Amino acid sequence: MSARLLDASARTSYDPFVDIDWAAPLDREKAYMPMERVSLYGTDLWRGLSEEQRIELSKHEMASIAGVGLWFEIILMQLLIRYAYDLDPRSPHAQYALTEVGDETRHSIMFAKAIARFDTPNYGPGKLLHNLGRVYKAVAGGPSMFAAVLVAEEATDRLQRSTMDDPAIQPLIRMVNRIHVIEEARHVRYAREEVVRGAPGLNRAELEWHRLATAATAIAVMDALVNPRVYKVIGVAPRVGREVARANPHFRETRRWMVEKVVEFLTETGMIGGPSRQLWRRAGLLR
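Take 1 as the starting number for the sequence shown in UniProt numbering and just add one per residue.
Note that these hints are calculated values from the structure, not bench results. Keep in mind that the hints are not guaranteed to be accurate.
[As the list claims (entries may be wrong)] Below, a list of computed lysine-lysine pairs in the DSSO-like style, where the Cα atoms sit at most 30 Å apart: (1) Lys-127 <-> Lys-232; (2) Lys-137 <-> Lys-127; (3) Lys-30 <-> Lys-232; (4) Lys-113 <-> Lys-232.
[Stated by the list, open to error] Across the chosen pairs, the derived CB separations fall in these ranges: (5) Glu-52 <-> Ala-247: 34 to 42 Å; (6) Arg-197 <-> Arg-47: 45 to 53 Å; (7) Thr-12 <-> Trp-257: 39 to 47 Å; (8) Glu-52 <-> Arg-277: 37 to 45 Å; (9) Asp-86 <-> Arg-282: 34 to 42 Å.
Just so it is clear, the structure is predicted and the values come from calculations on it, not from any experiment. In this text, a Cβ means the ideal position worked out from N, Cα and C, and glycines have one as well.
Using the sequences plus the hints, can you model the full thing?
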C-alpha cells in the first residue's frame, strides 16, 4: 500500500507557489463556503444579515477553519517525523511517512497564503488549545494518533469536497480545496491502514485509553474550527455568536455531517465504543 501511495504522490502532487494564481481578484459576490454550512445559517441572526455580511462571515469562518487546519498539520508533521524515526528508512512505509510530511508542509504554506490573501486574522485554535498541542505532539502515538488525524482530515475533507466544484464558491477557495482533497486522499488511506493494523493488537485497558484519547482530540479540534472572534465582523459579540451557533440545529447537523464517514469507520474498527462513546454523543458528533 505504501509503495502504491508513493507512486501516486510522484504522479499527482502540487506546488501552491505555482499551481494557484494568488494575484487573481476575489469575487465580491461569491461565498467562501456553502452558505448552509456557515455556523449561523437559518438563525434569526442570519436572517438579519445582508448578503454582503453573509459572504464576509463565510470568508472569516473559512479562514478560521484553514487556521485550525494549518495548526493541526504542523502537529501532524511532528508526529509523523517521530513515527518515522523508528522505521527502517529503506521501506516504502517509512518513505511514505516522510513524503506525507512534505505534502503537509506545502498544505500549511497553502493555507497560510490563503489566509493572507483573504486579509483576515489568523484565528487559529485559541491560546489554550495551541499550548495543549505542544503536549499532544510530544506524547501522542499508536492507533489514537492516526484516528485523531483521520477526524481532522476527513471532517475538513468533506466540507472541501462540497466546495471544489461549486461555481457559487470563490475560485481561489475551489482550487485550494481541490489540491487538498486530491493529496489528502492518500493521507487518509495511510492513516486508515495504520488504525486497521494497530487497533486489534490493543488489550482492553489500552483500547479504552486510545478511545478516550481519540474522542478528546476529535472534540477539541471540531469545537475549535469556528473561532468565536469571527462574529465580530458582523457586529456580533463572540460570546453571543458562539451561543447562537451552538444552539443552531443546522450547524449541529453540519458538524455531524462533517464527521459522519470517519465516525462510521472508527466505530467499525473499535476506536469508538465503551464509556468514551458518550463523549461523542454529548459533543453532538454521534447520533
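Provide an ascending list of the numbers of those earlier hints which the structure does not satisfy.
-> Numbers 5 and 7 - these are the hints that the structure violates, sorted from lowest upward.
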